[in-house]
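Asks: Modelling step: build the complete structure from the supplied sequences, incorporating the hints.
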Amino acid sequence: MTVEDIELAVGNRVYGGRLNVPDEPSSVGVLVLPGGGHGPYGGIFDRFSEEAAEAGMHVLRYQSWSGPLEFQNKTYGMVHEEMDAAVGRLQAEGCETIYLVGKSFGGGVALTYVPAAVDRMVLWSPAMRVAEGASLEDVIDVVLQDLEEPPLSPEALTDIDVPVGVVQGDADEVQLPRFTEEVVDGIPQGELIEVEGLDHSYSDREWGQHVTELTLEYLTR
Numbered sequence: 125m126t127v128e129d130i131e132l133a134v135g136n137r138v139y140g141g142r143l144n145v146p147d148e149p150s151s152v153g154v155l156v157l158p159g160g161g162h163g164p165y166g167g168i169f170d171r172f173s174e175e176a177a178e179a180g181m182h183v184l185r186y187q188s189w190s191g192p193l194e195f196q197n198k199t200y201g202m203v204h205e206e207m208d209a210a211v212g213r214l215q216a217e218g219c220e221t222i223y224l225v226g227k228s229f230g231g232g233v234a235l236t237y238v239p240a241a242v243d244r245m246v247l248w249s250p251a252m253r254v255a256e257g258a259s260l261e262d263v264i265d266v267v268l269q270d271l272e273e274p275p276l277s278p279e280a281l282t283d284i285d286v287p288v289g290v291v292q293g294d295a296d297e298v299q300l301p302r303f304t305e306e307v308v309d310g311i312p313q314g315e316l317i318e319v320e321g322l323d324h325s326y327s328d329r330e331w332g333q334h335v336t337e338l339t340l341e342y343l344t345r
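Position 216, counted from 1, in the sequence shown is what this note's numbering calls 340; the numbers after and before it change by one each time, with no gaps.
If you're looking for bench data, these hints aren't it; they were derived computationally from the structure. Bear in mind that the values here come from a model prediction, so they are computed numbers and not experimental data. One or more of the hints may lead you astray.
What the hints assert, rightly or not - Distance ranges between label pairs, derived from CB positions:
1) Ala-216 with Glu-297: 36 to 42 Å
2) Glu-272 with Gly-167: 17 to 23 Å
3) Glu-178 with Glu-305: 17 to 23 Å
4) Gly-135 with Leu-271: 20 to 26 Å
Glycine included, C-beta positions come from ideal geometry on N, C-alpha and C.
Replies: See below:
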């Protein structure tokens with residue numbers, strides 16, 4: 125397994141990223157989206173990327189915000205565009221089967237948009253609630269700091285047509301389990317993967333290893 129520094133072009137913007145490349149030729153790729161409060165490097169992100177590459181997958185991560193201000197000035201539309209560019213980069217590497225793994229905000233945004241080439245997703249404590257009457261179309265170009273309500277309606281969840289495994293800890297005080305259960309119940313091929321004792325941070329090494337194993341097991345079914 126090798127790690128390459130890459131540049132991801134998205135419109136007129138260019139973001140730095142990393143691509144974990146397996147030792148043997150592979151047509152499988154994974155896009156990893158981080159939470160809003162941290163980037164896609166270190167901790168569980170490095171662990172998952174390394175183990176997925178060892179299992180024969182290309183793993184792409186990129187960083188499109190460097191702090192809270194840049195993050196809060198993102199829109200869902202901007203992140204969707206980034207996701208498409210990242211998937212395109214994996215396809216350029218020869219990937220025909222593509223998975224998506226998202227943590228917290230990254231998991232939440234994946235619920236609002238699944239690129240057409242994505243075959244399966246695992247979301248780690250996705251930061252999202254559903255709201256009756258919500259319309260993503262109405263807020264897709266509104267910066268995150270100005271959003272007042274969740275952008276996702278129960279009806280929108282029924283449009284997700286890929287298998288989705290959702291990892292949720294019962295000790296999570298950021299994304300409460302009851303909200304995640306509501307999300308999973310609305311996804312036609314949704315599966316709740318409950319982890320007793322897991323909080324929202326995934327910072328403990330043993331938890332990171334456990335979640336990595338659960339994720340790879342779900343992706344390779």
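Asks: It remains to establish, for every hint, whether it holds in the given structure.
Replies: Structure-based check of each hint:
1. Ala-216 with Glu-297: 36 to 42 Å: holds, 40 Å
2. Glu-272 with Gly-167: 17 to 23 Å: Given range 17 to 23 Å: violated, Cβ gap about 31 Å.
3. Glu-178 with Glu-305: 17 to 23 Å: Distance hint for Glu-178, Glu-305 is violated at roughly 33 Å.
4. Gly-135 with Leu-271: 20 to 26 Å: Hint holds: Cβ distance 22 Å, inside 20 to 26 Å.
Consistency with the previously given hints fails for numbers 2 and 3, ordered from lowest to highest.
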